[in-house]
Each structure stands twice: as structure tokens, then as C-alpha cells.
Amino acid sequence: DQQVKQNSPSLSVQEGRISILNCDYTNSMFDYFLWYKKYPAEGPTFLISISSIKDKNEDGRFTVFLNKSAKHLSLHIVPSQPGDSAVYFCAARASGSARQLTFGSGTQLTVLP
Amino acid sequence: DAGITQSPRHKVTETGTPVTLRCHQTENHRYMYWYRQDPGHGLRLIHYSYGVKDTDKGEVSDGYSVSRSKTEDFLLTLESATSSQTSVYFCAAHSGNEKLFFGSGTQLSVL
Chain A
1 DQQVKQNSPS LSVQEGRISI LNCDYTNSMF DYFLWYKKYP AEGPTFLISI
51 SSIKDKNEDG RFTVFLNKSA KHLSLHIVPS QPGDSAVYFC AARASGSARQ
101 LTFGSGTQLT VLP
Chain B
1 DAGITQSPRH KVTETGTPVT LRCHQTENHR YMYWYRQDPG HGLRLIHYSY
51 GVKDTDKGEV SDGYSVSRSK TEDFLLTLES ATSSQTSVYF CAAHSGNEKL
101 FFGSGTQLSV L
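Listed in order, the protein sequences are those of chains A and B.
Counting from 1, one number per residue, gives the positions in the first sequence under my numbering.
Counting from 1, one number per residue, gives the positions in the second sequence under my numbering.
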């Protein structure tokens with residue numbers, strides 16, 4: 001049973017528009033959430049994170065929103081650029097989990113020029 | 001550069017043979033992890049370590065063992081490789097804030 005779900009395997013967006021990537025979770029013990037970005041033949045790299053005590057965190061073009069009641073988080077990229085084309089993974093940590101992260105299955109974002 | 005090196009980058013082996021993947025880090029991270037990435041599953045935790053000689057199982061640990069005799073090295077061993085272990089393996093590490101740094105991965109094919 002996947003505790004972190006990314007239900008959209010792929011997403012295509014026009015350059016300059018907003019990209020919205022979604023992630024749902026089931027474990028109410030998750031208290032810290034992260035997004036990672038992965039290019040082909042490379043390891044994932046950290047993008048942005050949010051603690052459960054917040055509902056929004058912003059870093060440049062990237063904003064993560066957390067809706068705890070819905071157990072849902074989203075990553076907004078504005079404006080989208082062709083270099084943003086990558087696989088995006090959502091990850092979550094449960095409190096007291098010995099520093100383990102649970103990852104979603106990823107969403108392939110393609111930004112069209 | 002996250003200072004994490006995985007070797008080998010690619011390996012083809014036969015069913016039933018032992019395989020060891022190596023992860024080396026230069027940043028003195030305390031926590032180290034081995035993940036596998038498969039289509040539709042994302043990244044799944046195999047084993048992790050929270051210090052030298054301190055290791056524990058992740059969600060998909062069957063058929064795998066690990067060792068960490070030095071802070072900088074974390075080895076993943078498949079005692080007897082099976083075709084279901086064909087995957088991309090990633091090593092990761094951090095120093096306590098969950099912002100994992102990943103290696104570039106090892107593509108393992110078990111024929």
C-alpha cells in the first residue's frame with residue numbers, strides 16, 4: 001500500500017505557464033515533506049521542502065502548498081522553463097521514523113518550448 | 001557535486017551470482033541509504049545506516065544485505081542475484097535534516 005501517491009505519471013505544460021504537480025499521502029504521522037527533481041542518468045536532487053506546521057513554502061519559481069486536512073501537497077512552478085523537464089518525486093517523513101523518507105512514484109514533467 | 005560516488009555505474013550479471021554495489025561519500029554524512037527505482041514504484045528503501053556498524057532494514061530488504069565499516073562507505077550486497085533485482089540502485093546520504101544527497105545510480109541487470 002503506497003503511503004505517498006503521485007497519481008499523474010506525466011504532465012505537459014507550455015513554456016511560461018504554471019506547472020502544478022500533485023501528491024497525496026495517507027499516513028497522518030508524516031510531518032515533513034520534500035520534493036526532488038531527477039534528470040535522466042542522474043540521481044535525484046533536493047528541490048524544496050515544507051514542515052507540517054506550515055501550509056506554504058516558496059523558493060524562487062517553486063512553491064509548495066500543504067493541505068493537512070486533505071493530506072495533499074502540490075508543487076507549483078511559475079513560470080515553467082524547458083530546463084524544468086524532469087521527473088519530480090514527492091517524499092515524506094514520519095515523526096520518529098529514524099530519518100526515513102517514503103517516496104511517491106514520480107511525475108514526468110515536460111515543458112514545451 | 002553531492003560528494004557521493006557509486007560504483008560500478010553499470011553491471012550485468014547472471015542469476016545466482018553475488019553482487020556488491022559500493023557507495024562512497026566525502027562529506028562525513030552520518031545517515032546513508034540504499035534505494036531502488038523501478039517504473040511505477042518510485043524510490044523504495046532497501047536498507048539504511050545511522051552510523052558505523054548501525055544498519056536497519058527498509059521496506060524491500062529481502063535478498064539484500066549491507067555493511068558500513070567506515071563512515072564514508074556503505075556497501076549493498078545481493079547474495080544471490082535474481083531477475084527481480086534488475087533495477088536502478090541509488091545511494092543517498094544526509095547529516096540529519098532529511099535533505100538527501102543522491103549518487104548518480106547503478107544500473108544493474110540480472111540475466
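It is worth saying that the hints were derived from the structure and are not from the lab.
A few of these clues could be false.
Chain A regions said to be covered by chain B (calculated; three or more residues, Cβ under 8 Å) [as the list claims (entries may be wrong)]:
hint, stretch
1, 33-47
2, 100-113
Covered stretches of chain B (chain A as the covering partner; in silico rule of three or more C-beta atoms under 8 Å from a C-beta of chain A) [to be verified]:
hint, stretch
3, 44-58
4, 69-77
Cβ atoms here follow ideal geometry from the backbone N, Cα and C, with glycine treated the same way.
> the stretch 44-58 of chain B covered by chain A? Criterion: 3 or more residues, Cβ-Cβ distance below 8 Å.
Replying inline: holds (count 6)
> Three or more residues of the stretch 100-113 of chain A near chain B by CB distance under 8 Å?
Replying inline: Our answer is that it holds, as 7 residues pass the Cβ test (under 8 Å) against chain B, meeting three.
> For the stretch 69-77 of chain B, do at least 3 residues have a Cβ located nearer than 8 Å to some Cβ of chain A?
Replying inline: violated (count 0)
> Counting residues of the stretch 33-47 of chain A with a beta carbon closer than 8 Å to any beta carbon of chain B, are there 3 or more?
Replying inline: holds (count 8)
Hint compliance for this structure: hint 4 alone is broken.
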